[in-house]
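Asker: Work out the full structure: start from the sequences and follow the hints.
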Amino acid sequence: MTKYVFVTGGVVSGLGKGITASSIALLLKARGYKVFMQKFDPYINVDPGTMNPMQHGEVFVTYDGCETDLDLGHYERFIDEELNYSSNITSGKIYSSVIEKERKGEYLGATVQMIPHITNEIKNKIIEAGVSSQADIVITEIGGTVGDIESLTFLEAIRQLQHELGDENIFITHATLVPFIYGSEELKSKPTQNSVKDLRGLGIYPNALVLRAPYATPENLKRKISAFCSVPLENVIDSVDVKNIYEIPINYYNQKIDEIILKQFKLTLHRADLSAWKNLINTVANLKNEVEIALVGKYIELHDAYISVSEALKHAGYKYNYKVNIRWIDSEDLEKNNVKLDDIFKGVKGILVPGGFGSRGIEGKIKACEYARVHNIPYLGLCLGMQIAVIEFARHVCGLKDATSTEFDQTTEEPIIDLMADQKYILNMGGTLRLGNYECKLQKNSLASKLYGADNILERHRHRYEFNNKYKELLESKGLVFSGINEASNLVEIIEYPKNKFFIASQFHPEFKSRPTRPHPLFVGFIEACIK
Numbered sequence: 001m002t003k004y005v006f007v008t009g010g011v012v013s014g015l016g017k018g019i020t021a022s023s024i025a026l027l028l029k030a031r032g033y034k035v036f037m038q039k040f041d042p043y044i045n046v047d048p049g050t051m052n053p054m055q056h057g058e059v060f061v062t063y064d065g066c067e068t069d070l071d072l073g074h075y076e077r078f079i080d081e082e083l084n085y086s087s088n089i090t091s092g093k094i095y096s097s098v099i100e101k102e103r104k105g106e107y108l109g110a111t112v113q114m115i116p117h118i119t120n121e122i123k124n125k126i127i128e129a130g131v132s133s134q135a136d137i138v139i140t141e142i143g144g145t146v147g148d149i150e151s152l153t154f155l156e157a158i159r160q161l162q163h164e165l166g167d168e169n170i171f172i173t174h175a176t177l178v179p180f181i182y183g184s185e186e187l188k189s190k191p192t193q194n195s196v197k198d199l200r201g202l203g204i205y206p207n208a209l210v211l212r213a214p215y216a217t218p219e220n221l222k223r224k225i226s227a228f229c230s231v232p233l234e235n236v237i238d239s240v241d242v243k244n245i246y247e248i249p250i251n252y253y254n255q256k257i258d259e260i261i262l263k264q265f266k267l268t269l270h271r272a273d274l275s276a277w278k279n280l281i282n283t284v285a286n287l288k289n290e291v292e293i294a295l296v297g298k299y300i301e302l303h304d305a306y307i308s309v310s311e312a313l314k315h316a317g318y319k320y321n322y323k324v325n326i327r328w329i330d331s332e333d334l335e336k337n338n339v340k341l342d343d344i345f346k347g348v349k350g351i352l353v354p355g356g357f358g359s360r361g362i363e364g365k366i367k368a369c370e371y372a373r374v375h376n377i378p379y380l381g382l383c384l385g386m387q388i389a390v391i392e393f394a395r396h397v398c399g400l401k402d403a404t405s406t407e408f409d410q411t412t413e414e415p416i417i418d419l420m421a422d423q424k425y426i427l428n429m430g431g432t433l434r435l436g437n438y439e440c441k442l443q444k445n446s447l448a449s450k451l452y453g454a455d456n457i458l459e460r461h462r463h464r465y466e467f468n469n470k471y472k473e474l475l476e477s478k479g480l481v482f483s484g485i486n487e488a489s490n491l492v493e494i495i496e497y498p499k500n501k502f503f504i505a506s507q508f509h510p511e512f513k514s515r516p517t518r519p520h521p522l523f524v525g526f527i528e529a530c531i532k
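For the sequence shown, position 162 matches number 162 in my numbering, and the numbering has no gaps at all.
Watch out, some of these pointers could steer you wrong.
[Claimed, not checked] Label-pair distances were calculated between CB atoms; the ranges are: (1) S230 to K104: 38 to 48 Å; (2) M114 to D402: 49 to 59 Å; (3) K256 to Y205: 16 to 26 Å; (4) D64 to G105: 25 to 35 Å.
[Stated by the list, open to error] Computed list of lysine-lysine pairs in DSS-like fashion (alpha-carbon distance at most 30 Å, straight line): (5) K188 to K319; (6) K340 to K93; (7) K243 to K224; (8) K478 to K288.
Simulated from the structure, these hints should not be mistaken for laboratory data. These numbers come from a predicted model, not from an experiment. Think of the CB as a built atom: it goes at the ideal place given N, C-alpha and C, for glycine as much as any other residue.
Answerer: Below you can see the structure in the form of structure tokens.
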């Protein structure tokens, strides 16, 4: 039977529930168990796909095309497992599902209520995650904090499961704050006590506490927290500030949180293999060189809007013992009169243009791409970054001055990027975007095939518009190479410009598949070109 670990939070948001959940999953996987992860988000949106990146950060996409919270990116990077549609559940999804069932008469005319109908639907999603993944242990993070009205139904569902399945199958970890009070110069336990009291008031009894504090909690304070919260002393775990997040799982391992969980589940305590993770920590702690990369976007005020991109750059840097410093450049700034691109890009060794939607800042991205091509600076384009590359090439190399995308100008006479007639049916089958994994055939002896070391690849997508194939022959005649094609739909996936040192762009999002211990080939090639 699948076992379930739940991670809740109290006092304030931002305590690191996601990292705690990921760390627990990593340790249990290191013990030889198959793990799977979930995130429950209390907001009413069905998914974050339509949310502004400036408000919510990056939209992460799973292999099966589910648009999810960025926390799932952290999960995948930590446990190196592909998650799916059952990994990100929102209140919006739950309510939508229940209302749809009610409309179909599946409740046989009963009065539909929060309990049992909403809570049953939540429990179904939890159990479904175990079934669909065939995992030994499912780790589920509950978004928000105890006391939030939006998350009450999720907490009630957990209470019911704790009662129904028993302690041998359910483990509750509660993350909470132990603040340092200046003046008295001491850590305070009262916020944790009150948070646990609120949780217990909802009928949920935590099995372990994770104390977020600036330094290790003194033994006497831990004993106080243990006594007031009815949690065994050894189950009170410190989560102290660290230099990099990769140290956190080892911190938990040293406090035996994985042993505590497996003991309660009555599962065998296999030897943990953390050698690769420890090597990663050692690498990150001893990076000897630095390289600066320009990331040209339009949501740069919130760096979380590009969290998978920035992490993928770091991963590739680790391979070469380089710390990657990102110069965040607002693409709209490049559109201003009298802007000096030589000053903007002075000192950078590579230019990256990531994904995005809408016309704002597009001309600035085109300027950045042109600067990289003309000055032979390594260029990596991701999704919109590929579309920018072909628009720029069409304008300035092929002489198509009006070349653009119908996303930005529906009346353009040169729709280099467009919704093709033979693509519309395919795209609309699954919604308005092409989402999730699609196959890509690589051209032999191309840069892409050399980087991947393969002829066929599978990558994740999130976009609506495609390259217009009627311009392919013209662009090829001027030196652009279309090195990756989705043969099923004859869609362009990768372009490159061999005349430059390194110039490649993909219609897909390679950043979603990068891992700290296994960096993505496109990012590896990009960073290698930048440091040569």
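Asker: All hints are to be evaluated individually against the structure, with a verdict given for each.
Answerer: Verification of the hints:
Between S230 and K104, the C-beta spacing of about 44 Å keeps the proposed range 38 to 48 Å intact. Look at M114 against D402: about 56 Å separates their beta carbons, and that is inside 49 to 59 Å. Take K256 and Y205: their Cβ atoms lie about 20 Å apart, and the range 16 to 26 Å holds. For the pair D64 and G105, the beta carbons lie near 29 Å from each other, so the given range of 25 to 35 Å is met.
A hinted pair counts as satisfied when its Cα atoms are at most 30 Å apart, and K188 with K319 does not qualify at roughly 42 Å. Pair hint K340 plus K93 does not hold up; C-alpha atoms about 48 Å apart against a cutoff of 30 Å. For the hint linking K243 to K224, the alpha-carbon distance of about 28 Å falls within 30 Å, and the restraint holds. Of the pairs offered as hints, the one joining K478 and K288 is violated, with about 41 Å between alpha carbons and a cut-off of 30 Å exceeded.
The structure is inconsistent with the numbered hints 5, 6, 8, although it conforms to all the rest.
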